[in-house]
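Participant: On the provided structure of chain U, position chains X and W as indicated by the hints.
Heads up: the protein sequence lines correspond to chains U, X and W, in order.
According to our numbering, the residues represented by the first sequence are 1 to 375, in order.
According to our numbering, the residues represented by the second sequence are 376 to 926, in order.
According to our numbering, the residues represented by the third sequence are 927 to 1264, in order.
Derived by calculation from the structure, the hints in this document are not laboratory data.
Where is the CB? At the ideal position from N, CA and C, for every residue including glycine.
Warning: the hint list may mix true and false statements.
Quick partial rundown of chain X residues pointing at chain U, CB under 8 Å, derived from the structure [as the list claims (entries may be wrong)]:
| hint | residue |
| --- | --- |
| 1 | 793 |
| 2 | 794 |
| 3 | 802 |
| 4 | 804 |
| 5 | 808 |
| 6 | 811 |
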Amino acid sequence: MPSVAESPVVLELTNVACAYDAGRPAIQGISFAARRGDVIGLLGPSGCGKTTTLRAIAGFEPVAEGEISINGTPVAAVNRHVPPERRQVGMVFQDYALFPHLTVRENVGFGVRRGPAVDRRRRIDEMLEMTGLTDLARRYPHALSGGQQQRVALARALAPAPVLLLLDEPFSNLDPDMTYRMRGDLLRLLNTTRTTAVLVTHDHEEALGMADTVAVLRHGCLEQCAAPETVYHLPASPFVAECVGQADFIPGAIRDAVVHTPLGNFFVPPDYPGGPEVVVMIRPDDVRIDDAGPWAGTIHSRQFQGADMLYGILLESGDLVHGSAPSTQLLPLDARVRLRIDAAHTVVFDRHAERSRCVCKRDAARGRAPEGIRD
Amino acid sequence: MALVLMLPLGYVVVAAATTDLAVWRRLWTTRIPELLLNTLSLSAGVAVVDLILGVSLAWIVTRYRFPGSGIWDWLLMLPLAIPSYVLASAYTHILHRDGTAAHLWRLVAGPDASVFSPFSFAGAVLVLALNTFPFVYLLARSAFQRFNVAFEETARATGAGRLAVFFRVSLPVIRPSLMAGLFLATLYVASDFGAVSLLRFQTFTHAVYQQMTGRFDNAAASCLSLVLVGCAGVFVFGERRFRRQSRFYQTTGRYRPPVPRPCGPAAALLLNGGLLLVFMAAFGLPGLLLIRWTVDAVAAGEVSPGFVGHMWNSLSLSGLTATAAVVCGMPLAYAATRRRTWAGTLCAQGAYTGYVLPGPVAALAVLVVVSHLMPALHGTMLILLLACLVHLLPVALQGMESALQQVTPNLEEAARSLGARPVQSFRRVTLPLVRGGFASAWILVFVQCMKELPASLLLRPAGFDTLAVRIWLEASEELYHLAAPPALLIVVITIPVVLLWSGALAGPGRRDTRADADAADADADGADADAAGATGAPSRAPTGRRFRRSP
Amino acid sequence: MPVAVCAPALLAALLAGAPAGHAGDDLVVYSGRAERFVQPALDAFQAESGIAAQVLTADSTALINRLHAEGARTAADVLITNDAGSLERARELGLLRAHAFPGLETAIPARFRAPDNSWIGLSGRLWVIVYNTALADPGALLSILDLGEPAWNGRIAIPAAGSVYLQTGVSVIRAVMGDAATTRFLRGVKRNAGSFVFEKNRQIVAAVARGDVAAGLVNHYYIHRHLAQHPDAPIALRMTDQGERGMGLILNAAGVGITAHVKREHLAAAQALVKFLTAPEGQLLFAHANKEYPLNPLVPAAPGLPPLDHVRIADVRLDRLADLRDPTMTVIETVGLR
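Bound conformation, chain U alone (with noise of 0.2 Å):
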């Protein structure tokens, strides 16, 4: 985060545990700080804990161990509980917790408590020209279609100047051309507010696209915590790769400082710590399907994206992999295929290591159907 090196530190989380259960942790040693302005988007499975680290934040969960500061100030450790309303923390919530009883205005107004009248009218108005409610602040939620109501969970929290916003899967009741829009919508008012945000997501695209911090998380632990580019080239384990976007791992053998492939050799890292047994991480735009390649498959699969076809390519090795291709050209399935690999950074983890396959499939979350449109 070199861009914000010098804004100073919003929140910061030190070896934070929860337990819903005593004895069974529901997270345990988080760790993670964010400066001012920063978007850290906690990304996983559901039921790793994200949900559980925002609300620990936000002060609806207490702490079990480790600590968490506010603007510097510690707001929760094992025997230290400021409640929600003194953490100037707003939330927006998964399904938007609009007070059904209340207009857009009164809603967007709730929080606005202090002042003399005139100014927090402002600030009301304020907010409502900024998320483009102004003419709807006479409605009542049921009123409004799921962008409206989401548009109205966000200036209800940005209202009183929150240090801190905290977004729990906020876009996961929109339609993926909705969630487009307003994922734009919501960074430039984050950049215009100059809020920190924590934005929990099993949407891989959304955290690499918004976050300027990707923390992924498993079975309630952080498996790593950095720059969405690293996260996604440098992933720290095959959780990870596999997380953050589609990844394939290719067995070979390290032979005097060379990983031996199917598909080639590989330089490894030098860092690498484990055994000689291994996988090499390929990603699809790794893949190029040339006819000069060196290597040769068939088609066995392919999924239109749109600007790019996926191809998935069997190897003569039994290996799968997956390669991306321009949606120009059409291969027909199984059509024999060269390809050579053309990977700027190489990814080796110890095929023995304990490796799952991540339970967030990133297909099935973006094809899963949008439960309850209501537009």
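Facilitator: Chains X and W in isolation, oriented as in the chain U frame:
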């Protein structure tokens, strides 16, 4: 506070457990098998009749369109407004050996024919079924209205006939609603005191009252209470299990509601006739009788001079009970829905023991506790209030809980994160949202309390006769024209409440699109909410819907 | 949670504002006797003395249970029941107060009073057989025990086990005939009555009048009351167990007592009420209202009642009824009457 509610039950258990074995043996050989058989068979008989009446009426009202179909929708709810003992009195009169019904029947069936005696199993089933079928009707009706016709169409597409579809698809799909309705009806029957004692049909509730008023110690009454409470406890527990398991039935997303089929004039006449028959039997005839008796009493100047006083007593007792139930129930309901702690759950479950405490048992329990712990309360209004509270708190609790359940914890958390303290969050968010639900809980307790009989009979202070007590005293002397004015008043007060309550379970016609999308989960909760009042109108809090309509 | 704090306070406030159950100045009467047979006498008493009374009507046993439970805090000043056994039971429990006033000795004979006058009989009621003149032959009914014979199967109506009249009647039969004969009688009666078991005497009389059954066990005045309303009803009263060796008729008394915990300021009023009820005017109102036998020998029986002088009464003292009651209940329940 839950302790206050569980304490009475605990005392009954202790009293029964410490009772001499000889008493148990005597009861076991002389009373318990008969009472068990009677109570079970009465409940089963009423359930069967309720099921047939309730389902067929609901089907007719929701699936056919004919002149008048709109009126029946709510007319069929009215029988709930008649207290069971009033209906029983009316039928003892109607089926009197020298009554009009008997004369008419003799014209048809010959001079030696006789109408069946209301003082029998069949009589008790008839009266209680006519009194309780609206529970099943109401829940079946709303289930049919919310029914996804796609189920039926799918079945038709696979080649099933109309009848097969009804029995193999429509009925099974609404089974949870039917069970909820039958559950209410059965608890009502098991805890009914007025009708069975007027019809001299021996059930546990009746026997407990008899033991309390016929013996100088409460040992036998405690023993019988324990058996009754045990059976009811098993029943309530079983019903809750069933309901938890059958949640999935109605969890569909979008759906198409059924479209009523128009009928020809002949069919319309037939349907109207059938509905009229049921309505007259359950409400029209008794209502007319009450009016006639009241007119007689007024004409003869025989209306009790204390009438206004009795009315005031009823109103103040019911008002106090309802207020106390809502005030006491609020923290309990809140604890049950928000704090999933061991103590919170225990509190709520403890209060539900009232489900299985019919009036006489509640009175007995409170009496026993008070004589041990607070003898000063004897003969005061407070002890009666306490008994009514123990008996009716579950009604309030159920209504308030379902209202609170519709306010997701997220709303309160959102308020907290926006800087509201817990008190402020409750006042600014929770309270405005549950106000309607709490009000309807209050009203339901109020109405139930207006009809409450056994506890008032046993515990009222001197000079504190309520309308229900007057009805009882006069009706048991068969002085119907003296019993009629207070009975009519109770019915008149109850009717709007019954309609209000049934309106809260509105059909799809009154929903907007947003609410439709929620219908699925609302329904799953509905089964909970609908299984509300132990002995009377259950509560479906209208709150959640209210705010979804346009302002 | 503030609600938890507010709730008790609010409740207390509500209760403080609750209307009192009874006016503080009125005499409070717990009555096991139907209101309309008590109220006229009380009205007359009020007219004479200016003292008003609040009545709580309920079953006698329930009232005694209640008095017992309420103890010293009871609101009741006076207890009236229709059953001397209940009154005696109340005396044994220490719920009644001994008292006397000049003229009591002559007003009510000693056999209708508790030894210490803590209760005083007011009116006599006979437990008799009512029969349908078209369906039953009175000649076949020499003793009340005849109703247990198989000949009456399906033809009789009886009161429910909770009825104090039944309990008193069975107590007397037990005292005279012993448990075995009583049990035999009750088994027969239970079988013969079938489902014709009634809470109320008037229902029994009505059933006999309608011809549902041929005979039934009731207090005598219910027959007269029914005949007053339906002069043509085919019913008649049968006085059984007469003759040299007969058990005699079962007589019970309605009576009155002053509670042990009568409020001090009400004691004089309560005594005045008792005195009024034993005096001729009160006797007329109390007993005649219901065609019962006034127990004051100066007051004649209501017209139409056979005078008591010539009737043989079972020789069981009223004050024994209380002790007889519990074993009687056991017998009744062992037989399985409901």
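Participant: Each hint needs a verdict: does it hold in this structure or not?
Facilitator: Hints and how they fare:
Look at residue 793 of chain X: its Cβ gets to within about 3 Å of chain U, closer than 8 Å, so that hint holds up. Using the Cβ-Cβ criterion of 8 Å, the hint placing residue 794 of chain X at the interface with chain U is satisfied: the shortest such distance is roughly 5 Å. Because the beta carbon of residue 802 of chain X sits about 12 Å from the nearest beta carbon in chain U, more than 8 Å, this interface hint is broken. At its closest, the beta carbon of residue 804 of chain X sits 6 Å from a beta carbon of chain U; the interface hint therefore holds under the 8 Å criterion.
The beta carbon of residue 808 of chain X comes within 6 Å of a beta carbon in chain U, closer than 8 Å, and the hint placing it at the interface holds. For residue 811 of chain X, the suggested interface contact is broken, since its CB lies about 10 Å from the closest CB of chain U, more than 8 Å.
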